[in-house]
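Listed here are the chains, written in short residue letters.
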Amino acid sequence: MLRPFLRSSLGNATRFLGTEASAISEEDAGAPRNLKRIGRALETYLRHSRENASMMARERADFDLGKRHLANMMGIDPHTINQNDIDKAIEYLFPSSLFDKKARPVMRPPDEILPRFNRFTFDDEGRPSDSRFYTLRPKFYALLSEIGLKTYNVSRLHAEHVKLNRKDDVNDQTVSLTGTTWINEEKMKKKLGENITTEMYAHLFLAFDYLVSLPGSVVESEFISQFREPLTSATASRIFGPEIPKVEICSKTNRRTATASVRVKSTNATVTVSDAGTGQWDIDGLTMHNFRSLLAREVLLCPLIVANLIGQVDVKATTVGAGGATAVPRAVRHGTALGLAALFPDVEEKLRLAGLISWDPRDKERNKVNQPGARAKWIWKRR
Amino acid sequence: METLGIACRRLAFTTKASGRRISTQKALATRYDPRVFRDPIIKLDELNKKLAPEDEKNFLYIKAMESDDTPVFYRNEVVDKLVRVCMKDGGKETSRNNIFSALEIIKRRQYKLWREAPTEEEKAKIETNPFKVAEKGIKNCHPLMKLMPVTRGGTTYRVPFPIEEKEAEFRAMKMMRDICRGKAKHSKILHFGDYIANELLAAYNNEGQTIQAKQELHKQCEANRAYAHYRG
Amino acid sequence: MRRVFTSPAFPSHRSLFLSRQKATTSASNTLQQHQQSTSSIPAPSIHRDIKVPSISALEKASTQSTSLKPYVSEELQADDYFNLESLVNVKEMFDARLHLGHKIGTLNDNMKWALYGERLGICIFDLDVTKKFIVRALNFVAHVAARGGIILFVTTNRESMLNVEKTAKELGEYSHCRRWQEGTLTNSAQLVGATIRLPDTIIFLSTLTSLNEPHPAIIEAAKLTIPTVGVVDSNTDPAYLTYLIPANDDTPQSAEYLLRLFKEAITRGKAYRKKQQQLEF
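Chains as they are written, first to last, in full-length UniProt numbering: chain R, 1 to 383; chain E, 1 to 232; chain F, 1 to 281.
Since the hints were derived computationally from the structure, they do not count as laboratory data.
One or more hints might be untrue.
Mimicking BS3-like on lysine-lysine, the simulated pairs with C-alpha atoms at most 27 Å apart in a straight line are [unchecked claim]: (1) F:K263 <-> R:K190; (2) E:K88 <-> R:K377; (3) F:K169 <-> R:K189; (4) E:K57 <-> R:K187; (5) E:K174 <-> R:K246; (6) F:K263 <-> R:K150; (7) F:K275 <-> F:K223; (8) F:K166 <-> R:K139; (9) E:K123 <-> E:K146; (10) F:K131 <-> R:K139; (11) E:K107 <-> R:K364; (12) R:K364 <-> E:K219; (13) R:K150 <-> F:K166; (14) R:K377 <-> E:K63; (15) R:K190 <-> F:K69; (16) E:K88 <-> E:K188; (17) F:K112 <-> F:K270; (18) E:K139 <-> R:K377; (19) R:K265 <-> E:K188; (20) R:K364 <-> E:K188; (21) F:K263 <-> R:K191; (22) F:K131 <-> R:K150; (23) E:K139 <-> R:K265; (24) R:K265 <-> E:K123; (25) R:K364 <-> E:K139; (26) E:K57 <-> R:K246.
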């Protein structure tokens, strides 16, 4: 076991000060005490490493077998079953009402779930393979040094450009960062393969921000983009709430319509917007005339004002669990906006920027124990 | 329902004593995660302009538009705010009716003045648009500083602090509202809207109780100028 | 300054994977078997004709270490085995600004021996003294490299940091130019997660941290009896360093010059080692 770690070439008789038995030791006096101890530690490490490898192999085999059983159970083709199918199947077979998604049962390849075993890379002389090994965070510091080097190169290049009076050169611009954001700490840890603290992460992005701010940094845009992710990944789609519905053609009247289901507080509304209309309103059988409040009328008309389509569409809405003075108009407004965006795609962006296509997430806050309401407290007495 | 973008996270656990779930979530100031939400554009002319390609609004969520931000032609920010400030128990309708009746009174009075003005010059000087009158009136009531209690060594001093425009506007409206509520309580003939109209018109001309109150405040601030070094 | 013997007769208990172990690979098994038949001790591959001191000789040596000179291997008998003195010359050192120290007011009393004098308030190093010490240090480093030792370059100078890392990588050696984690050497097992081979020598291109305190690695190395080479400036304390190089450590030009020298020394040591390894097979 020690063999790979012992140097073959400089083999020599080992003499140790203080060995009483004899200054001349035999071949098999054994490795000296220290070596033995270290050898044992190494042996342990090697044993753990091999055990881990065999364990992972077993787990992977188990997972593959389990996948096939699951496919059999659920009636899916075992050859084309993917992780999505597995997740759905597990959710069906083991329904859980635990709030924390991470606490629910999960079935994933063992590489994703089981803790990684730290394998060191040394050569047969025990020399680490990474030249920054003794910093204890070689990959992190390697990245930091790389940024430093690139910063130096970029500023040197820019100085050259200035000297040769080529300031308007394409290569002398600052890198464009629109639509992207720096990757977060978790992703950075995964990318580096090392555990970094928040402070180290902050240092890293201080360095990056400086590089990015330099004129001429566009030269290194490829390198920088490796650490940037699109903003849209934070928001899966640009619309918060129900998506824009599909346009259907009403068979009777041959008009284009779009139907959206929306919710505001406890009011659920289904709104149908029809093209080629005269500005008719039918909200649970009521017309605009029945909404006496100016505010309610403003709210209902809002999407048509923004899209400039007053009197050109008909709106029909039905509500369930109708709420207060503004709840129904707000719900119908949301539905109308979605319908308009479906029927007239060029006004979609305007409606979105006006905030009419977003779902309003504000709900009544729950009441808390020992309090009369959500926030109100009992009268406080000093004694 | 979608929980994307909502800033609060729920962590539920059961206690051993009872079987009930206790939420450990903190009450947050907003249901919109500030990292992924931006304010909507509520002015029609800005909406009609195309958005710059590198603007972050292209990639982020937009908050829902408020109920009283509909871009109608008679939209006035200051008057809307006054409506909200004078609102009681969420009764926006009542408040709006009061304020708009006040604006109507202002219009009538100003129109009368305008009609009775002798020359064209003087006619031009009279502002008949009640929204403009209200705006100007509130603006005249903006205090420049506020007094905050600061305790040093057992004694509580009232120290003058500078304030932002938004806060100054609110304080002006609040002063006016409190004055008018006080007056309306004791009167059986005139109502809140009438008093608001009087105050707004008076403030427009730099007169009236609200303006007086503002000047009092300024005098107090001036008097307590010595404590300004407690501001830190 | 004490000379540290790194001959196989005196293995250090902290460098555990090095040359002082018996050959047990299959490649040299046949050789071993042959040697076994002749003596009970396997003959060394590189260090032929090694004489092993008896217990009484060792006891005497505890007071008179020079008495063990005959037992020391032949390369270590020479002062400048790798002929590194030819690399160093005073004019080049002067051009690389090695002679510039800090202000007189910051002079450390223990560095007075290295100064030529003071000019315009700035301490000037005696480059002849520096040359002597450089050659000694270079030879030591070359011998370490010849025995496959791990060499760790340490610096806190931000300007020369990237250069040091680059040089260390080119040589196949190691560098640490960042914030020193306390216990990196003394507590390595816990910090890394397993026992690792520690550096056999540490070369400090600057001994002070950014807070003008002595670098923690100096003490750690001393605790583990790892010999150190240190470039000491006029304001630094030379304590606990094995091989000193009294010279300027702040300017990038001086760091560049010293790196070049170390690079050459290590390259020579490694070439020697490779030759020896080839001779065996």
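Verification of the supplied hints:
With a C-alpha separation of about 35 Å, the suggested pair K263 (chain F) and K190 (chain R) falls outside the 27 Å cut-off, and the hint is violated. For the hint pairing K88 (chain E) with K377 (chain R), the CA-to-CA distance comes to about 20 Å; that is within 27 Å, so the pair holds. Taken as a hint, the K169 (chain F) and K189 (chain R) pair is honoured in the structure, with Cα atoms around 24 Å apart against an allowance of 27 Å. For the hint linking K57 (chain E) to K187 (chain R), the alpha-carbon distance of about 24 Å falls within 27 Å, and the restraint holds.
For the suggested pair K174 (chain E) and K246 (chain R), the alpha carbons sit about 48 Å apart, so the restraint of at most 27 Å is broken. For the hint linking K263 (chain F) to K150 (chain R), the alpha-carbon distance of about 24 Å falls within 27 Å, and the restraint holds. For the hint linking K275 (chain F) to K223 (chain F), the alpha-carbon distance of about 34 Å lies beyond 27 Å, and the restraint is violated. For the hint pairing K166 (chain F) with K139 (chain R), the CA-to-CA distance comes to about 15 Å; that is within 27 Å, so the pair holds.
Note on K123 (chain E) and K146 (chain E): the hinted pairing is violated, with a Cα-Cα distance of about 38 Å set against a maximum of 27 Å. Taken as a hint, the K131 (chain F) and K139 (chain R) pair is broken in the structure, with Cα atoms around 37 Å apart against an allowance of 27 Å. Between K107 (chain E) and K364 (chain R) the alpha-carbon distance is near 40 Å, which puts this suggested pair outside the 27 Å criterion. Taken as a hint, the K364 (chain R) and K219 (chain E) pair is broken in the structure, with Cα atoms around 44 Å apart against an allowance of 27 Å.
In summary, the hint linking K150 (chain R) to K166 (chain F) is supported, as the alpha carbons are separated by about 14 Å, within the 27 Å threshold. With a C-alpha separation of about 30 Å, the suggested pair K377 (chain R) and K63 (chain E) falls outside the 27 Å cut-off, and the hint is violated. Under the criterion of a C-alpha separation no larger than 27 Å, the hint pairing K190 (chain R) with K69 (chain F) is inconsistent with the structure, at around 55 Å. Between K88 (chain E) and K188 (chain E) the alpha-carbon distance is near 20 Å, which keeps this suggested pair within the 27 Å criterion.
With a CA separation close to 35 Å, the supplied pair K112 (chain F) and K270 (chain F) exceeds the 27 Å bound. A threshold of 27 Å between alpha carbons decides the hint, and for K139 (chain E) with K377 (chain R) the separation of about 36 Å lies outside it, so the pair is violated. Between the alpha carbons of K265 (chain R) and K188 (chain E) the distance comes to roughly 40 Å, so the proposed pair goes past 27 Å and is violated. For the proposed pair K364 (chain R) and K188 (chain E), the alpha carbon gap of about 38 Å is over 27 Å, so the pair is violated.
Simply put, K263 (chain F) and K191 (chain R) have alpha-carbon atoms about 33 Å apart, too far for the 27 Å limit, and the pair is violated. As the CA atoms of K131 (chain F) and K150 (chain R) are separated by approximately 36 Å, the hinted pair breaks the 27 Å bound. The hinted pair formed by K139 (chain E) and K265 (chain R) fails the criterion: a straight-line CA distance of about 37 Å is larger than 27 Å. Taking the CA atoms of K265 (chain R) and K123 (chain E), the gap is near 51 Å; set against the 27 Å cutoff, the hint is violated.
Of the pairs offered as hints, the one joining K364 (chain R) and K139 (chain E) is violated, with about 35 Å between alpha carbons and a cut-off of 27 Å exceeded. Of the supplied pair hints, the one linking K57 (chain E) and K246 (chain R) holds, its CA atoms being roughly 25 Å apart against a limit of 27 Å.
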